[in-house]
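Produce the entire structure from the sequences given, and follow the hints as far as they go.
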Amino acid sequence: MHDTPPVPPRPDGAGEDHLVRADLLTGLVLLVLGVAIVWMSWEMPRLEARRIHPATVPGLVPGLLGIALAICGAILTLRSVKVAGDGAGWRGFGGQFVTNDAARVGVTLGLALGYALVLVGWLPFWAATAVFVFVYIVVFERGFASSPHPLWRTLLTAAIQAALVGVIVSLVFERGFLVRLP
Amino acid sequence: MFEGLTLLGDGIAFFMTPQSLFNVGWATLVGIIIGVLPGLTATMGVALLVTLTYPMPPDQAILSLMCIYVGAIYGGSRTAILLAIPGTPASAATALDGHPLALAGKGGLAMGLATTSSALGTLVGILFLALLAPLLTEAALNFGSYEFFWLALFGVVISGRLTAFDDPIKGYVAGILGLLVAMIGMEGLHGFRRFTFGVPALGGGIDLIPAMVGAFGLAEILVVMKRKVSARIVDASDRVVPRMADVWKYRRTTVRSGIIGTLVGIVPGVGEDIGAWGSYAAARRKSAESDRFGKGSLEGLIAAETGNSAAIPGSMIPTLTLALPGSAAAAVLIAAMYIHGIRPGPMLMVENAPFLYKVVAMLVLATLAITVLGLLLTRPLLRVMTVPRERLMPVVYVLCVVGSFAIAQRMFDVYVMLVFGVVGFFLREMRYPMAPLVMGIILGTLLDVNLRRGLALSNGDLSPFFTRPVSAVICGLIVLSILFSIPVINRRVTSLIFKTSAPKTGSG
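Taken in order, these protein sequences are the chains called A and B. Each residue of the first sequence is one higher than the one before, starting from 133 at the first, in the numbering used here. Each residue of the second sequence is one higher than the one before, starting from 1316 at the first, in the numbering used here.
Please note that a few of the clues may not be correct.
Said to hold, decoys possible - Not the full set, but computed from the structure, chain B residues with beta-carbon under 7 Å of chain A: (1) 1329; (2) 1332; (3) 1501; (4) 1709; (5) 1716; (6) 1721; (7) 1722.
Said to hold, decoys possible - Label pairs and their in silico Cβ distance ranges: (8) 1501(B) - 234(A): 38 to 48 Å; (9) 1501(B) - 226(A): 36 to 46 Å; (10) 1459(B) - 255(A): 53 to 63 Å; (11) 254(A) - 1797(B): 42 to 52 Å; (12) 161(A) - 1806(B): 23 to 33 Å; (13) 263(A) - 1703(B): 40 to 50 Å; (14) 1666(B) - 263(A): 40 to 50 Å; (15) 1666(B) - 279(A): 53 to 63 Å; (16) 1543(B) - 254(A): 26 to 36 Å; (17) 254(A) - 1340(B): 14 to 24 Å.
Everything labelled a hint here was simulated from the structure, so no lab data went into it. For every residue, glycine included, the Cβ atom is placed at its ideal position computed from N, Cα and C.
Dropping the structure here:
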């Protein structure tokens, strides 16, 4: 079992170099988070007035977990700091955020957050859903890919799919599962 | 023994109704479609569809979710064989031999053998589930707070260790983060609200379902959309229904892989993907044609598919008897069981003994359904594979939002889903496994309450945590697991073992 990696190698062969820098930053964040949690757990009321057993204070387990997290953060940081010294590597790490892949993630995330945080609640649910699905399809089929079909066809099929999804999801959840949609 | 058989018979008879069979049919089909579509995983499917089961009676709801789970793990093989992209992570090992077989014009044979292997793997696992679960329940009835504390910690540690094999510290970090998430809200011993920062909605804690929908839904959408994929479906027009001779020829591999898959499934938080890799590696070591592995070996394909499917019933063993999820999808099933008023754990056999055998019956029905649907629906499933992700992912995301909202009909759960989705995506990109995070969220309360209750019972004395036999064994396993993840110790021990075993092999 152990001679085969449980996680298959990534097809894009993502370089380890920027991962080391990501580990360094994550390590620091985890270290700070761990220490903050330990402090908050220490400050948590001990409920002496309720005469609880001192070994059962609410901050006990979060405090222990905070210590464990801080230790893991410190190990990650120390392990990465040895490798992550040179400036060129940091430029490569920063470069990860300006690739086409990053743009695809950014746009997906922007659309997803826009739908959940702005459109839902502002428009009726079915309309919010239809607008989101339509924009999503058009952006990714025309903006990030060269679709072999003419623009009118993309717009038409996206509009039909968007309307169908908006109406069907609303009907199924409102009528079928009696959910009061936002 | 006979009582068990009677209960199993009753379980199967219970589901022999048109409504149950209808649920088996649609749920397995939906599961297979989820598995076939790259980017949709079994855990995500089960988490998203929990919402659909709210209006159902408990048995029918769990039956549907179980069929989705089994269907999705099986469905992933189709994409692995024809597209070389695993439909779910559980099928990654299947792609190694399945795709070369398809390229060699044996796509039909590969799909057929994947179907029979999945069915046989599930059956091996079912056998172990029916035999082991009652025994484990009996043992677990004697467990106290001390044992449950260690079990909860064991679940998180072992899951962290095995799902991040190359870099265990990332598995441990994911597990600790999950445990910390479980600390949010009102704690179970004194009713004190922790880490709520004045937000009333946090008082009830973070619900597992929206967290899972985020970590396995939105995060997965972002991962899928990140990369441009150009894959071509291989034409497979040869015979799909496999010959008995082909199945019989590899019977040893099937049984071995079934047992390995089941054992991996039993390990908490370690699921089908490792079941498949474990069986595949063992089959390659034992095979007379090991050089064929990775180039289109039928044995490799059978091992991977048997292993991942056997892990499903295997994962149900700790899930039902200890409430310790055997896999990430099983964690969602536990949440779904609670929603439907079923309490998994040692008391299940006391309070609701027939339910355990109903789960066995559900798995038998799901196995039959994947066999029939998998062999019959070859062409329609090919069409599913061609759905472009630009068209599919917005719909999946809408379901993520509605699914999270529908649980308590509040936007707070949608925000939870968004946070877990974004954080989950970045963690995945930095190779942190998600399973320990889930294990932490579901086991956090068990760990917290049992540690403090144990300490209260022993008046602050730690010794019962180390002197009671079962506690001592689990504690030892945890310590060993952590020690072996320290590279220096691991290297020393490995070299020591090899040094002592080398002369033996040399002289023998």
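Consistency of the hints with the structure:
no. : hint                         : verdict
1   : 1329                         : violated (25 Å)
2   : 1332                         : violated (21 Å)
3   : 1501                         : violated (10 Å)
4   : 1709                         : holds (4 Å)
5   : 1716                         : holds (5 Å)
6   : 1721                         : holds (5 Å)
7   : 1722                         : violated (9 Å)
8   : 1501(B) - 234(A): 38 to 48 Å : holds (40 Å)
9   : 1501(B) - 226(A): 36 to 46 Å : holds (43 Å)
10  : 1459(B) - 255(A): 53 to 63 Å : holds (55 Å)
11  : 254(A) - 1797(B): 42 to 52 Å : holds (50 Å)
12  : 161(A) - 1806(B): 23 to 33 Å : holds (29 Å)
13  : 263(A) - 1703(B): 40 to 50 Å : violated (20 Å)
14  : 1666(B) - 263(A): 40 to 50 Å : holds (49 Å)
15  : 1666(B) - 279(A): 53 to 63 Å : holds (57 Å)
16  : 1543(B) - 254(A): 26 to 36 Å : holds (32 Å)
17  : 254(A) - 1340(B): 14 to 24 Å : violated (40 Å)
Hint check: violations occur at hints 1, 2, 3, 7, 13, 17; the rest are consistent with the structure.
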